[in-house]
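Protein sequence lines correspond, in order, to chains A and B. Quick note on numbering: the UniProt record's numbering labels position 32 of the first sequence as 32, and the sequence is numbered without any gaps. Quick note on numbering: the UniProt record's numbering labels position 194 of the second sequence as 194, and the sequence is numbered without any gaps.
The set of hints was computed from the structure by calculation and includes no laboratory data. Hints should not be assumed to be uniformly reliable.
Because identical chains share one entry, a pair is satisfied inside a single copy or across any pair of copies.
Straight-line alpha carbon distances no greater than 25 angstroms define the calculated DMTMM-like cross-link-like pairs of lysine to aspartate or glutamate that follow [as the list claims (entries may be wrong)]:
id, residue 1, residue 2
1, 158, 56
2, 7, 73
3, 72, 138
4, 217, 24
5, 213, 146
6, 27, 138
7, 95, 56
8, 42, 102
9, 7, 209
10, 223, 208
2 protein chains.
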Amino acid sequence: MEVKNTKAYEVVIDSIKDMVFKRELKKGDKLPTERELAENLKVSRTSVREAIRALEIIGLVESKQGAGNYIKDDFATSLFEPLSVMFMLQESSPKDIFQLREVLELECCRLAAKNIKDYEMDRLLAIISEMKETDSEERSSILDKEFHNLITTTSRNKLIINVLNVVSKLIEISIKEYRSQIIDLFKNDRKLVEIHESIYLALRSRDEEKIIKAMEKHYTLIKQSVKM
Amino acid sequence: MEVKNTKAYEVVIDSIKDMVFKRELKKGDKLPTERELAENLKVSRTSVREAIRALEIIGLVESKQGAGNYIKDDFATSLFEPLSVMFMLQESSPKDIFQLREVLELECCRLAAKNIKDYEMDRLLAIISEMKETDSEERSSILDKEFHNLITTTSRNKLIINVLNVVSKLIEISIKEYRSQIIDLFKNDRKLVEIHESIYLALRSRDEEKIIKAMEKHYTLIKQSVKM
């Protein structure tokens, strides 16, 4: 490998990336030792350690004391946080965020209609029942999130789930901001409960038209309330 | 800030993240000096440097020799590559990738219909004209990508553009793989040109129904060809 102007740690990262794309490295696999990497790539041990530390920070690699470095087996939501920081820096408008949320959640709903299991339908119903009963605005907001997260999960599309996770930080901020405005508008959260109930019913009927209509109502309400 | 079990470099990264979310740090801004960060956060200079190096590697921070560390002003596509590696490791199926591409590109088309400028419409037309004329499979594949990238850009939604960039690596691999199969099926690429032309015409008419239909044809062709 030619080094040219590339920084030494970049050579290490590129080589690990290559191994992933060639499927030579998979989840849970052990990386070559730091010494091997340094020798093969003709860079210093320090550069190898810098690169590994960075991959550790972005959540790709896990260092097990005395046992070496491993590709992480399980990616928690938090791994995708660096990206949400970038999105934040891009100064995406709330309108941008809502457009993305809308289109991905609608897709999740459509996929969920095909893939949702009975016990998951029951869980949605339980969430709605609790929404109706709770007086706590805080609890209500948690239930709202749970409702949408469950639909996301039942899409069974890991990639879409991940992308929604990447923007979850931003969405969370938005929901909190806008949800309180919606509540203000209606003085109570009956309307929101109603809308979630119609999403549930549409899902249960597994009727795509109904799902699209219910989700549209959901977003129309939000948009009217926040005048987007 | 309490340190507990958190690693020292994590404290530094969390603090920089916080500043971004509080909008105290924006694109192009200078970070506090390494000495300031070390003192304020009660961590070693080494930990600060580790954290900064990691942020540099993921493309968030730029070190200017002698001038300190800056939040990057411009995020190139490459910055989002760490995420494409993660997606790769998640072993997302081609079906997952296509579902995401389909839903985001359709949304881009709908937004493009509202936002596309005349000179961009002309550029689309020029791409199609060249598609018709070229005999080179390689050139044809570049034009295909340009066509879809231009539509993405004209959506004017930075967030959606970024997400499509994140998966671009994966999409690129898929397009190459599947495009050749489609060509195989039709023996020449007339059918693909035709479909791109109908997307162009639908966009020009700014008729949402037509856009959805044209895009559906596009994906139906792909799905039939690859039997997804």
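Self-check item: Within, between, both or neither, where residue 7 and residue 73 count as close if Cα-Cα is 25 angstroms or less
Solution: between (28 angstroms within a copy, 20 angstroms between copies)
Practice problem: Using 25 angstroms as the alpha carbon limit, work out where residue 213 and residue 146 are close: within a copy, between copies, both or neither. | Solution: within (21 angstroms within a copy, 34 angstroms between copies)
Practice problem: Pop the pair residue 27 and residue 138 into one bin, within, between, both or neither, using alpha-carbon distances up to 25 angstroms. | Solution: neither (37 angstroms within a copy, 33 angstroms between copies)
Quiz prompt | Intra- versus inter-subunit Cα pairing at 25 angstroms for residue 95 with residue 56 | solution = neither (34 angstroms within a copy, 29 angstroms between copies)
Quiz item: How would you label the pair residue 72, residue 138 (within, between, both, or neither) given a Cα cut-off of 25 angstroms?
Solution: Intra 34 angstroms, inter 37 angstroms, cutoff 25 angstroms: neither.
Quiz item: How would you label the pair residue 217, residue 24 (within, between, both, or neither) given a Cα cut-off of 25 angstroms?
Solution: neither (47 angstroms within a copy, 36 angstroms between copies)
Quiz item: Under a CA distance limit of 25 angstroms, which applies to residue 223 and residue 208: within one copy, between copies, both, or neither?
Solution: Answer is both; intra-copy 22 angstroms and inter-copy 20 angstroms each pass.
Quiz item: Between copies, within a copy, both or neither: which fits residue 158 and residue 56 at Cα up to 25 angstroms?
Solution: Answer is within; shortest intra-copy Cα gap is 22 angstroms, inter-copy 28 angstroms.
Exercise. Check residue 7 against residue 209 for me: Cα-Cα at most 25 angstroms, and say if that holds within a copy, between copies, both or neither.
Key: neither (54 angstroms within a copy, 50 angstroms between copies)
Exercise. Could you figure out if residue 42 and residue 102 sit no more than 25 angstroms apart (CA to CA) within one copy, between two copies, both or neither?
Key: neither (48 angstroms within a copy, 43 angstroms between copies)
The structure fails hints 3, 4, 6, 7, 8, 9 (numbered hints given earlier, in ascending order).
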